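Colleague: Read in my numbering, the sequence shown has 192 at position 192, and its numbers run on one by one without any break.
Fair warning: there could be bad hints in the mix.
Claimed, not checked - Just the calculated beta-carbon pair ranges, DEER-fashion:
id	residue 1	residue 2	range
1	GLN127	GLN26	18 to 24 Å
2	ASP56	ARG200	26 to 32 Å
3	ALA33	MET99	24 to 30 Å
These aren't lab readings, by the way, just hints derived from the structure by calculation. From a predicted model like this one, the values you see are computed outputs, not experimental measurements. Beta carbons: idealized from backbone N, C-alpha and C, even for Gly.
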Amino acid sequence: MAPATTTMIMITSGGITIMGSALAPQTLLRLMAWMSPAFPVGAFSYSHGLERAVHDGLVTDREDLETWLADLLTIGSAWNDAVLFAESWRQSHDGPALMQLADLGEAMAGSSERHLETMKQGAAFLQAARAWPDPVFDHLPDPCPFPVAAGAVSGAHDLALVAALSAWLHAFATNQVQAGLRLLPLGQQEGVEIIAALERTIAATARHTAMTSLEDLGSATVLAEIASLNHETQYSRLFRS
1 MAPATTTMIM ITSGGITIMG SALAPQTLLR LMAWMSPAFP VGAFSYSHGL ERAVHDGLVT
61 DREDLETWLA DLLTIGSAWN DAVLFAESWR QSHDGPALMQ LADLGEAMAG SSERHLETMK
121 QGAAFLQAAR AWPDPVFDHL PDPCPFPVAA GAVSGAHDLA LVAALSAWLH AFATNQVQAG
181 LRLLPLGQQE GVEIIAALER TIAATARHTA MTSLEDLGSA TVLAEIASLN HETQYSRLFR
241 S
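Using the sequences and the hints, build the whole thing.
Modeller: Okay, structure coming up:
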């Protein structure tokens with residue numbers, strides 16, 4: 001099998017430096033397909049609690065949205081999903097380990113809507129990704145939590161972990177920004193500016209979670225979790241979560 005990347009990695013006291021990074025065409029194409037907003041997982045249907053946060057005045061403008069997403073990426077649900085993604089990538093050839101990770105990912109859903117979000121998207125991802133056949137599909141429950149499904153399939157196809165995590169987190173942030181554009185008086189240009197501003201955060205989180213273990217799971221975004229819980233009883237809603 002051809003190498004997934006032609007990347008040279010230098011580890012220094014200041015962290016990891018990726019030199020001459022160049023994804024192989026097949027790797028790049030799969031990442032573009034699987035993490036694209038056009039991949040049929042229904043991500044546009046979910047706001048991850050953002051709709052309630054806007055309703056409650058916790059997120060009111062571009063700066064609030066950028067801060068909200070940065071927190072999710074570094075100390076919240078997106079961080080935990082990235083840790084689960086990375087571990088599933090590493091265990092992609094171990095069926096029993098993947099089943100345990102799927103149970104853990106499902107148990108970590110903090111509300112019924114978060115559970116719906118991760119399980120429905122995970123099931124849709126597995127169904128669509130079967131267009132690229134691999135034995136990994138025989139080792140995953142269906143439905144399966146989204147980060148476990150995406151991480152395991154990425155690992156089974158030998159996609160570079162940091163690149164896969166970067167694409168995964170970027171897709172999450174982009175979907176959240178798109179939800180924000182529907183909920184807030186923001187334009188497309190402001191949405192693009194938020195994505196650009198989060199670039200360093202996404203890259204740093206991807207590098208960090210690539211070196212984590214399940215012991216690094218944990219969240220400090222209490223308001224986001226409460227918003228997700230309260231969304232379940234919100235009278236008028238655009239999103240399923």
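Colleague: Should the hint that ALA33 and MET99 are 24 to 30 Å apart at their CB atoms be regarded as holding?
Modeller: With Cβ atoms ~26 Å apart, the hint holds.
Colleague: May I ask you to test the hint 26 to 32 Å on the CB atoms belonging to ASP56 and ARG200?
Modeller: holds (29 Å)
Colleague: Regarding GLN127 and GLN26, is the given constraint of 18 to 24 Å on their beta-carbon distance met?
Modeller: holds (22 Å)
Violated hints: none; the structure is consistent with every hint.
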